[in-house]
Amino acid sequence: MNSFKLITTYSPWLLLACLAAGLLYAWLLYSKRTPWPKAINYMLAGLRFAVVSFLCFLLLGPLVRYVANTTVEPTIVFAVDNSQSVSLFSDSVQLQQATQGLQALREKLQREGYLTQVRTLAAGQSPQDITEIEYAAETSNLSQLLSEVQDDFAEQNLAGVVLLSDGIVNQGISPAYANYNFTLYPVAVGDTVPKKDVLVASLRYNKVNYSGSRFPLEVELQQEGFGGTAATVVLQENGKTIDRKTVTLAPNQPVQQVPFQVLAAGLGKRHYEVQVIPLQAEFTTLNNTKHAYIDVVKGKIKVLIAAAAPHPDISALRAAIETNENYETELYIPGLNTLKQQDYDVAVLHQLPGRAVGGEDALALVRQKNLPALYILGPQSDLNAYNRLNVGLNISASGQTDEVTAVASGNFTTFKLPEAASERLLQYPPAHVPYGEVRVAPNTEVVLYQQVGRVRTSKPLLAVQTSGDKRNATLLASGTWQWRITEAANNEQPEVYNKLVTNLIQLLSAPRNKKRLNVYPTQEEYTSSDEILFNAEAYNEALEPIYGQNITLRITGEDNETRSFNFANGENQSGVNIGTLSGGRYTYTASASINGQQQQDKGEFVVEELQLEALNAVADHNLLFQLASNTNSNLYYPSQLQQLEEDIRNSDHKDVIYSSEELVDLVDLKWLFFLILGLVCVEWFVRKYNGSY
Numbered sequence: 068m069n070s071f072k073l074i075t076t077y078s079p080w081l082l083l084a085c086l087a088a089g090l091l092y093a094w095l096l097y098s099k100r101t102p103w104p105k106a107i108n109y110m111l112a113g114l115r116f117a118v119v120s121f122l123c124f125l126l127l128g129p130l131v132r133y134v135a136n137t138t139v140e141p142t143i144v145f146a147v148d149n150s151q152s153v154s155l156f157s158d159s160v161q162l163q164q165a166t167q168g169l170q171a172l173r174e175k176l177q178r179e180g181y182l183t184q185v186r187t188l189a190a191g192q193s194p195q196d197i198t199e200i201e202y203a204a205e206t207s208n209l210s211q212l213l214s215e216v217q218d219d220f221a222e223q224n225l226a227g228v229v230l231l232s233d234g235i236v237n238q239g240i241s242p243a244y245a246n247y248n249f250t251l252y253p254v255a256v257g258d259t260v261p262k263k264d265v266l267v268a269s270l271r272y273n274k275v276n277y278s279g280s281r282f283p284l285e286v287e288l289q290q291e292g293f294g295g296t297a298a299t300v301v302l303q304e305n306g307k308t309i310d311r312k313t314v315t316l317a318p319n320q321p322v323q324q325v326p327f328q329v330l331a332a333g334l335g336k337r338h339y340e341v342q343v344i345p346l347q348a349e350f351t352t353l354n355n356t357k358h359a360y361i362d363v364v365k366g367k368i369k370v371l372i373a374a375a376a377p378h379p380d381i382s383a384l385r386a387a388i389e390t391n392e393n394y395e396t397e398l399y400i401p402g403l404n405t406l407k408q409q410d411y412d413v414a415v416l417h418q419l420p421g422r423a424v425g426g427e428d429a430l431a432l433v434r435q436k437n438l439p440a441l442y443i444l445g446p447q448s449d450l451n452a453y454n455r456l457n458v459g460l461n462i463s464a465s466g467q468t469d470e471v472t473a474v475a476s477g478n479f480t481t482f483k484l485p486e487a488a489s490e491r492l493l494q495y496p497p498a499h500v501p502y503g504e505v506r507v508a509p510n511t512e513v514v515l516y517q518q519v520g521r522v523r524t525s526k527p528l529l530a531v532q533t534s535g536d537k538r539n540a541t542l543l544a545s546g547t548w549q550w551r552i553t554e555a556a557n558n559e560q561p562e563v564y565n566k567l568v569t570n571l572i573q574l575l576s577a578p579r580n581k582k583r584l585n586v587y588p589t590q591e592e593y594t595s596s597d598e599i600l601f602n603a604e605a606y607n608e609a610l611e612p613i614y615g616q617n618i619t620l621r622i623t624g625e626d627n628e629t630r631s632f633n634f635a636n637g638e639n640q641s642g643v644n645i646g647t648l649s650g651g652r653y654t655y656t657a658s659a660s661i662n663g664q665q666q667q668d669k670g671e672f673v674v675e676e677l678q679l680e681a682l683n684a685v686a687d688h689n690l691l692f693q694l695a696s697n698t699n700s701n702l703y704y705p706s707q708l709q710q711l712e713e714d715i716r717n718s719d720h721k722d723v724i725y726s727s728e729e730l731v732d733l734v735d736l737k738w739l740f741f742l743i744l745g746l747v748c749v750e751w752f753v754r755k756y757n758g759s760y
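With the working numbering as the guide, the letters of the sequence shown map in order to residues 68 to 760.
Simulated from the structure, these hints should not be mistaken for lab results. Certain hints may be false.
Quick list of the computed label-pair ranges, beta carbon to beta carbon [claimed, not checked]: (1) R523 with P326: 51 to 61 Å; (2) D196 with E638: 36 to 46 Å; (3) G651 with V275: 15 to 25 Å.
Listed next, the in silico DSS-like pairs over lysine-lysine satisfying Cα-Cα at most 27 Å (straight line) [unchecked claim]: (4) K274 with K436; (5) K537 with K669; (6) K436 with K369; (7) K537 with K483; (8) K312 with K336; (9) K336 with K436; (10) K336 with K721.
Because the structure is a prediction, the values reported are computed rather than measured. Glycine included, each C-beta is placed from N, C-alpha and C at the ideal position.
Given the sequences, and given the hints that come with them, work out the whole structure.
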């Protein structure tokens, strides 16, 4: 029931004053002789009395108190664990009995005034019929299912949740540790008796390995009831057996390791399959196979660090670079060691070219091999010699230095720093830079600017030049070793410093992308339950981004089956969603006609097959019993649904009345304005019509 109440901020006795003001105003205006009949005069006086009294009443600041009551019937949610393990390892007759019984219970409760809803592991799904639910979910996250129900029905009259499950949880936290504000009625399916089974529980391996090297792949076997039996583990690539091992399953050891040494041949994504040959009387063979996807790359990127003299910056740079296991460094300091003639990928030149003699052989190697380089300037740098290199900056310095802090450029998007970069850069101690004019070449982008005190300048602190297929970078500051130490002291890890250095090395060592069509998946690896998204970039002859290009994408799996998709690239990186794919290695080819020229791009990605639901064939009814105990309920089996129905009825769930109160200033009601205006207009019209003067 809804109710209204009128309240004022002043004493109610002032209402008499309002009425008196209205009465006085009407008497003064209509007590004189008038040309119209008395009946009309009384009506006009009444109108004037009402309008004036009400306007005076509004001066008292009256409020309208509105109370709205809403009745909500009790709700019973039927939460169904529709994971694959429920259908794989539950008796089909028992499962059918449970679903039909729960659907019948739901219909009875609806007829008795209960609200009901069905939820599954898939977020947002609310099927209408429990018997038609498909048990296809590849993971079981009961905690997420129950938490979503609790959140979605927080403002409703949630009387209880009926949970149909086998109790197996393989994702998220255990729901036994959560606190739920509703009664939980678990209905248990599945079999709690251990089965004779041998399975591949997991594979351990490095996802990135170098071509030509051998890498370890360790297989974890689990067994139940096969102690003392010999099992054969086979390792295959592209359907061809490359290794096999026979092990004896230890009677008192349910888990044991089987190691392989695999040769990483070729480059790119490699797909390996590990299978334990099925044994006689094994309960299921669904969990006998697992897949490994290895990215085989060429050898480590070699970074030459050459310095004019020993300096603390060198240790900081090496430590940052070697945080990436794909990089290895070689140090050269004239007079301390000799320059090794190797195939370097990138060079870091600390205060080279320098004023003192030494380091010419490192500079000659950079010129001879046409290596991309990071130039770090300092007091020993020969700025004139540096300017002659034409690597992006030209510095006219007076020999003096300035103390500056670093501030990130918002326009550099080739790589991104961590989110905390802006804050941490300002915490770095000032660095010394050459004081003078710095001119930036047209083909150079600024990564960091100089900030003097609180004033951000237009002078670059770190810049990257792109020239042809090569890039060079220049850092105008020495003493940046203090940046790394300060960040580590303040934040445990020098994440921003390390990321800045490794991103620079990666950018310099990677060949410049001159492709005019760039199509790529948003992730390198997906699971078989993920939706796969592709983004696309198109460029004109000046390598400027263009949009609205019609692109054809072809996806080919290991079975040589090809799927085609057509889409257009957008400015907001809108691409194409190709849906889910089964596990395996996939290659793709994209093509588009850009300004009349056919452009193409290609690549590969991996989809990992989730097999979590096949790993555990034993239901966990203890978990369901604990959930029931935590909410003062009982555990039920499909044959006990009649008892479940009685317990829900005996709980005597009541309707809940929710009240909401709202206070509104009477003067804010727009319809009152039009009402008063209407009364005034009526009075004016009647007076004029009857000859008012």
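Taking the hints in turn, this is what the structure says about them:
1. R523 with P326: 51 to 61 Å: holds (56 Å)
2. D196 with E638: 36 to 46 Å: The hint (36 to 46 Å, Cβ to Cβ) holds, given that D196 and E638 are roughly 44 Å apart.
3. G651 with V275: 15 to 25 Å: For V275 against G651, whose Cβ atoms are near 19 Å apart, the range 15 to 25 Å holds.
4. K274 with K436: violated (32 Å)
5. K537 with K669: Holds. K537 to K669 sits at ~23 Å (cutoff 27 Å).
6. K436 with K369: With Cα atoms ~13 Å apart, K436 and K369 stay inside 27 Å; holds.
7. K537 with K483: Between K537 and K483 the Cα gap is close to 20 Å, so the pair holds against 27 Å.
8. K312 with K336: holds (24 Å)
9. K336 with K436: violated (30 Å)
10. K336 with K721: Violated: K336 and K721 sit about 60 Å apart, past 27 Å.
Hints 4, 9 and 10 from the earlier list are contradicted by this structure; the remaining hints agree with it.
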